[in-house]
Amino acid sequence: MEYFLQQLINGLTLGAIYGLIAIGYTMVYGIIGMINFAHGEVYMIGAFISVIVFTLMGPFGFASPVLAIVLVLIAALIFTSVYGWTIERIAYRPLRGSFRLAPLISAIGMSIFLQNYVHMLQGAKMKPVQPVVRGGFKLAEDNGFVVQITYLQIGIIVATVVLMAAFTMLIQRTALGRSQRACEQDRKMAALLGVNIDRTISLTFVMGAALAAVAGVIFTLYYGAVDFFIGFLAGLKAFTAAVLGGIGSLPGAMLGGVLIGLIEAFWSAHFPIAYKDVAVFGILVVVLIFRPTGLLGRPDIEKV
Amino acid sequence: MGGERLSTALREALASAFVAFLLALPLVGFRLSETQQGIGIVTRFDWVAWGVACVFAGRLLMAYWRGSRADILGHLPAMPALPAVSGKAFVAIFLIFAVAMPFLPFSDRYLVEIAITVLIYVMLGWGLNIVVGLAGLLDLGYVAFYAVGAYTYALLAVNFELSFWLCLPLAGLLAALFGILLGFPVLRLRGDYLAIVTLGFGEMIRVVLLNWKDFSGGPNGITSIPRPSFFGLDFAREAEEGQTTFSAFFGLEYSPMHRIVFLYYLILVLALVTNFFTLRMRRLPVGRAWEALREDEIACRALGINPTNVKLSAFALGAMFGGFAGAFFATRQGFISPESFSFIESAVILAIVVLGGMGSQIGVVIAAAFLILVPEMLRDFSQYRMVMFGAAMVLIMLWRPQGLVAHRKPSARLEAGA
Numbered sequence: 003m004e005y006f007l008q009q010l011i012n013g014l015t016l017g018a019i020y021g022l023i024a025i026g027y028t029m030v031y032g033i034i035g036m037i038n039f040a041h042g043e044v045y046m047i048g049a050f051i052s053v054i055v056f057t058l059m060g061p062f063g064f065a066s067p068v069l070a071i072v073l074v075l076i077a078a079l080i081f082t083s084v085y086g087w088t089i090e091r092i093a094y095r096p097l098r099g100s101f102r103l104a105p106l107i108s109a110i111g112m113s114i115f116l117q118n119y120v121h122m123l124q125g126a127k128m129k130p131v132q133p134v135v136r137g138g139f140k141l142a143e144d145n146g147f148v149v150q151i152t153y154l155q156i157g158i159i160v161a162t163v164v165l166m167a168a169f170t171m172l173i174q175r176t177a178l179g180r181s182q183r184a185c186e187q188d189r190k191m192a193a194l195l196g197v198n199i200d201r202t203i204s205l206t207f208v209m210g211a212a213l214a215a216v217a218g219v220i221f222t223l224y225y226g227a228v229d230f231f232i233g234f235l236a237g238l239k240a241f242t243a244a245v246l247g248g249i250g251s252l253p254g255a256m257l258g259g260v261l262i263g264l265i266e267a268f269w270s271a272h273f274p275i276a277y278k279d280v281a282v283f284g285i286l287v288v289v290l291i292f293r294p295t296g297l298l299g300r301p302d303i304e305k306v
Numbered sequence: 027m028g029g030e031r032l033s034t035a036l037r038e039a040l041a042s043a044f045v046a047f048l049l050a051l052p053l054v055g056f057r058l059s060e061t062q063q064g065i066g067i068v069t070r071f072d073w074v075a076w077g078v079a080c081v082f083a084g085r086l087l088m089a090y091w092r093g094s095r096a097d098i099l100g101h102l103p104a105m106p107a108l109p110a111v112s113g114k115a116f117v118a119i120f121l122i123f124a125v126a127m128p129f130l131p132f133s134d135r136y137l138v139e140i141a142i143t144v145l146i147y148v149m150l151g152w153g154l155n156i157v158v159g160l161a162g163l164l165d166l167g168y169v170a171f172y173a174v175g176a177y178t179y180a181l182l183a184v185n186f187e188l189s190f191w192l193c194l195p196l197a198g199l200l201a202a203l204f205g206i207l208l209g210f211p212v213l214r215l216r217g218d219y220l221a222i223v224t225l226g227f228g229e230m231i232r233v234v235l236l237n238w239k240d241f242s243g244g245p246n247g248i249t250s251i252p253r254p255s256f257f258g259l260d261f262a263r264e265a266e267e268g269q270t271t272f273s274a275f276f277g278l279e280y281s282p283m284h285r286i287v288f289l290y291y292l293i294l295v296l297a298l299v300t301n302f303f304t305l306r307m308r309r310l311p312v313g314r315a316w317e318a319l320r321e322d323e324i325a326c327r328a329l330g331i332n333p334t335n336v337k338l339s340a341f342a343l344g345a346m347f348g349g350f351a352g353a354f355f356a357t358r359q360g361f362i363s364p365e366s367f368s369f370i371e372s373a374v375i376l377a378i379v380v381l382g383g384m385g386s387q388i389g390v391v392i393a394a395a396f397l398i399l400v401p402e403m404l405r406d407f408s409q410y411r412m413v414m415f416g417a418a419m420v421l422i423m424l425w426r427p428q429g430l431v432a433h434r435k436p437s438a439r440l441e442a443g444a
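If you read the protein sequences in the order shown, they are chains A and B. Quick note on this note's numbering: the first sequence kicks off at 3 and runs consecutively. Quick note on this note's numbering: the second sequence kicks off at 27 and runs consecutively.
Source of the hints: derived by calculation from the structure; they are not laboratory data. Note that the coordinates shown come from a computational prediction; the quantities given were computed from them, not determined experimentally. Cβ coordinates follow ideal geometry from the N, Cα and C atoms, glycine included. A hint or two may mislead.
Pair by pair, the computed Cβ-Cβ distance ranges are [as the list claims (entries may be wrong)]:
no., chain 1, residue 1, chain 2, residue 2, range
1, A, Arg-183, B, Ala-41, 27 to 33 Å
2, B, Val-400, A, Arg-293, 41 to 47 Å
3, A, Val-160, B, Thr-61, 32 to 38 Å
4, B, Leu-329, A, Ile-291, 25 to 31 Å
5, B, Ile-67, A, Ala-142, 41 to 47 Å
6, B, Val-125, A, Gly-284, 45 to 51 Å
7, B, Ile-67, A, Gly-284, 40 to 46 Å
8, A, Pro-133, B, Ser-59, 19 to 25 Å
9, A, Gly-196, B, Ala-79, 37 to 43 Å
10, B, Gly-244, A, Ala-177, 53 to 59 Å
11, A, Ala-142, B, Leu-203, 45 to 51 Å
Listed next, the in silico EDC-like pairs over lysine to aspartate or glutamate satisfying Cα-Cα at most 20 Å (straight line) [as the list claims (entries may be wrong)]:
no., chain 1, residue 1, chain 2, residue 2
12, A, Lys-278, B, Glu-365
13, A, Lys-127, B, Glu-60
14, A, Lys-127, A, Asp-229
15, B, Lys-239, B, Glu-365
16, A, Lys-190, A, Asp-200
17, A, Lys-140, A, Asp-229
18, A, Lys-278, B, Asp-240
Chain B with its partners taken away, still in its complex shape:
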């Protein structure tokens, strides 16, 4: 029996190695390099050999251990179950940690900055979750609303010196308006048509921001965007005329950490508001209609739900939270340019929602933390960072196709026999 198993394993490994050889030969084996005379070729057959050898060995081990099962990924260990605490306790621990995080002994400036970035993506993930997770609409251009929010705040603050707190609702409203403007004509489309139109819309916004130089500063973006103040108290070392700084008012020694911690709490509150709002919406008729629409559009129509209006409300609300997050992003960075709003951002946000398990709020947090922290930890391998990121996205999807925290059951359902 062992002999047969070994020979199958060998055969499979040889086949994989051959494919790996064909894959590696042109792109790994030859490198185009710039020379004096134009372009030359450097060969790297040793790399090809190593790659093929690795694939052969890896496949052999895998095939031998797992019998002749061809499926590599069906055998990865199951995801460890979430700690067996009840949902409420789990959320409470999470919240306490999030609130205490900036004051924990190991937290330094770098960690809090990363936590802010993670929270921005958590908020974006929760916002997009309304559209994708609850209403089941595939939006590949969510970053457009993020951009609208960021540019709304930046332009209003720089040109009209409006305060952050005034601009925040405006940014959300404008983003929602864009959501309605885009959604109105296209929400009749079926899933994948909607995907390409939203993707196109995202690109359109980016192209316009990139080229309309008088309006948006073009590729240079907008600089020196004002930072938010704490109820009128600036986070500055020196107070401007007639104003007090945050540190002076509270009699603290000035530290740049004050602003960062303030930003941290700001985004934490914004994200929690998004979450709370979503959770409440799910209990309202419109929230239930979103989920019903996701499950079966025809049945919804038969029950007298107007699909376009319901979809439009999900789209606009999702866009609004994207706008809020954008305004926060602008004030945090102090500088924005179209580069921050490329398709890859939309893809990452969508990946957060899907990896988190479509509609699961806590899943979004885990997925966001994962997708932001992994590239951050790989910072030392900057060259391989994005390669690994892409590979990780594929692998997680293969490992957990239903998301890290599978959660798709509708919020309301009739019990059998009820």
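Pulled out of the complex, with its shape left as it was, chain A reads as follows:
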């Protein structure tokens, strides 16, 4: 039971990271119907920027960890968003009218480019950071096995829930959210009614990148080391999460992320850890067989 609880906590934390990245995939898919393959790299760039800013602040000490994290978050958000915006502007916007696979290949090319760009600039070694937040609560103890939730894990879960709530508000209550939903339903009609399509799509990419940056900062804090390759696997898992939850659906992305985090945590606890990715994809296949549009996806009606 105690062991179960501990894995639950770890899985939820991991799931929060996947969920945040998955939202970026699902939003972009919802609005322009393309798989943004470079999104995992955007997350990696967010993580890298956070390591750089942490290291830059190192000499000043972390008098207040909260302040340090807030500063890092702001820097990562700004710079990563610029990456998100630029990627859309350069690699996707010119291809918006062409057939379905063209932006996909462009995105794969972008992903290869960004991964190796960071590799070239920052080297291949793992970049460690000093732990910023230490300590935690002891929840239970059983024969020496301590169930612990660290302050960091609490912070991650709270931050994710708050972000999700804010995001849902943004989509449902603001003018921007309305234009996004309008573009999602019918881009041409939205344009006729005066929605600025280019701006809406750009902002969608910026928001996706911002969430990926938050996920990147969380990754840096939680695992304490970053390299240029983390984007690929995390992107793959997050995309799987988005599909599992039903691509195009925001709560679905979060649900998918949490589910995948939990699957990984529990699989690693009871089965050979090397096969946890196999388990994740296996469950994806099983879910898709029974619910071909994901858990919360709307079944879409194809018209002639």
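Start from chain A and add chain B according to the hints.
For chain B alone, kept in the frame of chain A given last:
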């Protein structure tokens, strides 16, 4: 008029330079470096300055020359039309060149080796073309079938000493079987769901090969895979007991080139078989059904085509050719490991198909040659190789979104008014 144009150009260039500055500042300006005390920072603001200056100058020139058009890439020169020879003549020239290639005066060992690599990708591209180009199914895990073929041959040859010629069909069959096993549950899914499942399947195969050490040798892979023989004649310097070598049988002096040239012709024949097969399939009802399905699934259903079966046949056939190519890859390398079957391979093969123009057979050849030769030529810049490769993929796509050789018209169509 000139003044206004210049000021617009300046404004645009300044905006681009500012974005470039924001992009470059964190990742180019600061480099994390390992020091004695842990991790330190090296600043490189000069690099940032150069980068920003280049973007500014480049954008200024572009904007000034092309008026205020914001679209950079809409103005690249159109692709030169393919030589105005008829399709048949073009193919014939291509074929003659391919057949004569190993004996041309400039061909050395290095060139023939590269040509073999290009042909492997041409074959993989043609195989995937059945799935993506003809049937319109997005497969991001094609490399899985390539891996199945390679490991089938390697394991059978190493453990049971079966010959290449016996294993080749087995590798294809097993890969096709995997294709059916994967395809059966998931082919009902729509395009992009299928993409992620195939991608996941590719990763699953790789993870299993990497971790099931007793079966596949894990990360160390399988070594000393036997080379193919020429109808029982080995390409060795010394004959084994009771056997003759290729060079001895034909009274030639031994040369390692014999085997390479043989491998070249082997993959050429395999690739041409793939091509011939695809071209014939397109004329059969099932091939026409693939293309019809790509164009309109609902209409197909209304006409009584069973989409799942049709898709499954495309998937299995594509997988089979992937398996053949895999077996060839294993025998050519003599060594395989899971590293050769990562997602990037799937991405490159898919890029070959899409850049080639989705369904165009000759386009695949051009795209494969391009995507394999470019990294090869950049070998001296190994550090920048993959960066340039990624950038090239984006740029070609922007330049020719419909592929190098656009070809999407169905093989059969009713003429208007017919």
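Check the following: the C-beta atoms of Gly-244(B) and Ala-177(A) are separated by a distance inside 53 to 59 Å. holds (55 Å)
Hinted pair Lys-239(B) and Glu-365(B), Cα distance within 20 Å: At roughly 14 Å apart (the allowed maximum being 20 Å), Glu-365(B) and Lys-239(B) satisfy the hint.
Keeping to a limit of 20 Å between CA atoms, is the pair of Lys-278(A) and Asp-240(B) held or broken? Roughly 19 Å separates the two Cα atoms, so the pair holds.
Are Lys-278(A) and Glu-365(B) close enough, with their CA atoms no more than 20 Å apart? holds (19 Å)
If you check the beta carbons of Pro-133(A) and Ser-59(B), does the distance land in 19 to 25 Å? Between Pro-133(A) and Ser-59(B), where Cβ atoms are some 21 Å apart, the hint holds.
Consistency of beta-carbon spacing, Ala-79(B) to Gly-196(A), with hint 37 to 43 Å: Taking Cβ atoms as reference, Gly-196(A) and Ala-79(B) lie about 39 Å apart, which means the hint holds.
Agreement of Lys-140(A) and Asp-229(A) with the hint, judged by alpha carbon distance not exceeding 20 Å: With Cα atoms ~31 Å apart, Lys-140(A) and Asp-229(A) exceed 20 Å; violated.
Would you say the C-beta atoms of Val-125(B) and Gly-284(A) sit inside 45 to 51 Å of each other? holds (46 Å)
Val-160(A) paired with Thr-61(B), Cβ distance criterion 32 to 38 Å: holds (35 Å)
Range hint 40 to 46 Å (beta carbons of Ile-67(B) and Gly-284(A)) holds or violated: Given about 43 Å between the Cβ atoms, the range holds.
Is the hinted pair Lys-127(A) and Glu-60(B) satisfied, with a Cα-Cα distance of at most 20 Å? Status holds; Cα separation ~9 Å.
Note whether the CB distance of Arg-183(A) and Ala-41(B) lies within 27 to 33 Å or breaks it. Holds, at about 29 Å.
Violated hint for the displayed structure: number 17, the only one.
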